[in-house]
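Novice: Build out the structure end to end from the sequences listed, making use of the hints.
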Amino acid sequence: MSSTPAGTPPRTLPGLDRQNRAYWTGGAEGRLMIGRCSACRTFIHPPMPRCPACGDRRVEAEAVSGRGRIASYSVNHQAWLPGLAVPYVFAAVELEEQGQLYVFTNIVNTPAENVEIGLPVEVVFEQHEDVHLPMFQSRGGAQ
Amino acid sequence: MTHAGLPEKQVAITGVGQSEVGRPSQKSAIALTVDACELAVADAGLTMADIDGLATYPGPVSNGDGFSPVGATETMLALGLKPTWVGASTEGHAHMGAIFCAIQAIASGLCRHVLVFRTVAQATARAEVHHAGIIGGGRSVAARSWGGQSWTLPYNALSAATLYGLYAHAYFKKYGATSEQLGAIAVHSRKMAALNPNAIYRKPITLDDYMSSRMISSPLRLYDCDTHIDGSTAILFSRRDVAKDLKRPPLAIEAMGMALGGIGAGLHTGDFTSMPADIAGRMLWSRTDLKPSDIDVAQIYDGFSILTLLWMEALQICKPGEAAAFVEGGSRLGLDGVLPMNTSGGQLSAGRFHGYGHTYETCIQLWGRGGERQVNDARVGVVCNGGFGYGAMLLRRD
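Protein sequence lines, in the order shown, are assigned to chains W and Y.
Residues in the first sequence are numbered consecutively from 1, following the working numbering.
Residues in the second sequence are numbered consecutively from 144, following the working numbering.
No wet-lab data here; the hints were simulated from the structure.
Be aware that one or more of the hints could be misleading.
[Unchecked claim] Chain Y stretches covered by chain W per the calculated footprint, using a threshold of three residues with CB under 8 Å from any CB of chain W:
#: 1; segment: 290-298
#: 2; segment: 310-321
#: 3; segment: 355-366
#: 4; segment: 407-417
#: 5; segment: 468-475
C-beta atoms are modelled at their ideal positions from N, C-alpha and C, and glycine is treated no differently.
Specialist: Laid out in structure tokens, this is it:
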């Protein structure tokens, strides 16, 4: 679990609802929960109540491996808010379960200069209030 | 194939107006709006009594961030309009969504003359309102995020620069493009802005200036990001059969194209080296017999320089991966280049009129009113807007 330095402005957390709660709270049990169609087995993210591939309405969140690769990223150097710790890495991670199954995240516990497209990463969770933000770090743990 | 029955073929642009540009302006946002609208209506030789439709994007946003301080209703009252139809929506194809609605209102017979405007006061907001510059910011910052933003905002993607940095890195990696190539867009925009009296930044920069400018969200530097301003633009759309009797030669809307999706929608397909703008480009060219090689002048969206490259490819001006080499050095983009581009200085240098500056400039060029920055005998212009909703138009002077 990564930590937040004192004085850092709070993140604008996601509002939780029936559709997204599994994704944002699965980290409480250490699980990355992604919607999946019960009929054609397509993974769906962001979570939606209908499978865009086959139209089936039986979409259920299930735990995935939490592994993937960085599809693209940006190292943010601009302190948009007073006290915002920079630089930080914003990225899209392609989960290994399915091509173009992307989640947006921060890359943590990994020096920014080591971040590159294709870097293998794994999920870690950072709790803020009732939200467990899925973060990703270079695979193999903290460096 | 005939395209004569398409809605955009029933509509022409008959007048344009733009307020002063300020960083900040001393005028109120509604005063800037009235300035732009009065200019546009007079430009067509009409009066307010002739205007029977009014549209804007996105409609009033009251959180003080300056993104859209003026709505259609307020403007209707300020101008004394009695329109049959008024439209505005944050939904749809972003900047050009209001224009597409205006086209449909005219083509369906609802209106004859629709005034479309866009007003921003982001320079004033940044001076006065804490958090005005961040996504979801304003007088108060929402406790929680919802919808498309809720997938990126919790990760401190507080600016679109952070989101679009992903496009730039993926594009660089896949095609071997470089910062020096991307920087050519910023250098070119300043060169053009120097010729535009209503541009906010008119002092030229060099590629060295670009490369030494501070990194905002890699690989995007300061000069890759557009410039917040106060200002308003108005464009007047008229039914083709009444347009021919007005003051200016009507500009035909040869074709339009639109699409939605991408990072801004919280959802992405593809490999981050293109946007759903590709769909808008294909739609545009399916509605005309003209070809990309017929373009005389191009106003390509430049909220961030990387969007310009992606849009050039979406509009089939360049093949995928080839836009970066096309813009390198900037010579192809100049007034006598093969593709005179962003002749006002665009949003990077003229200021963030948020899409409407690009449509305004296309009309100025096609009417031959560009002064020092005029492209010789420009008859076909392409204009595109957007990085989350996408719109494009091909305009033509007969």
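Novice: So, for every hint listed, does it hold in this structure?
Specialist: These are the hints, each one checked on the structure:
{"no.": "1", "hint": "290-298", "result": "holds (count 6)"}
{"no.": "2", "hint": "310-321", "result": "holds (count 5)"}
{"no.": "3", "hint": "355-366", "result": "holds (count 7)"}
{"no.": "4", "hint": "407-417", "result": "holds (count 7)"}
{"no.": "5", "hint": "468-475", "result": "violated (count 0)"}
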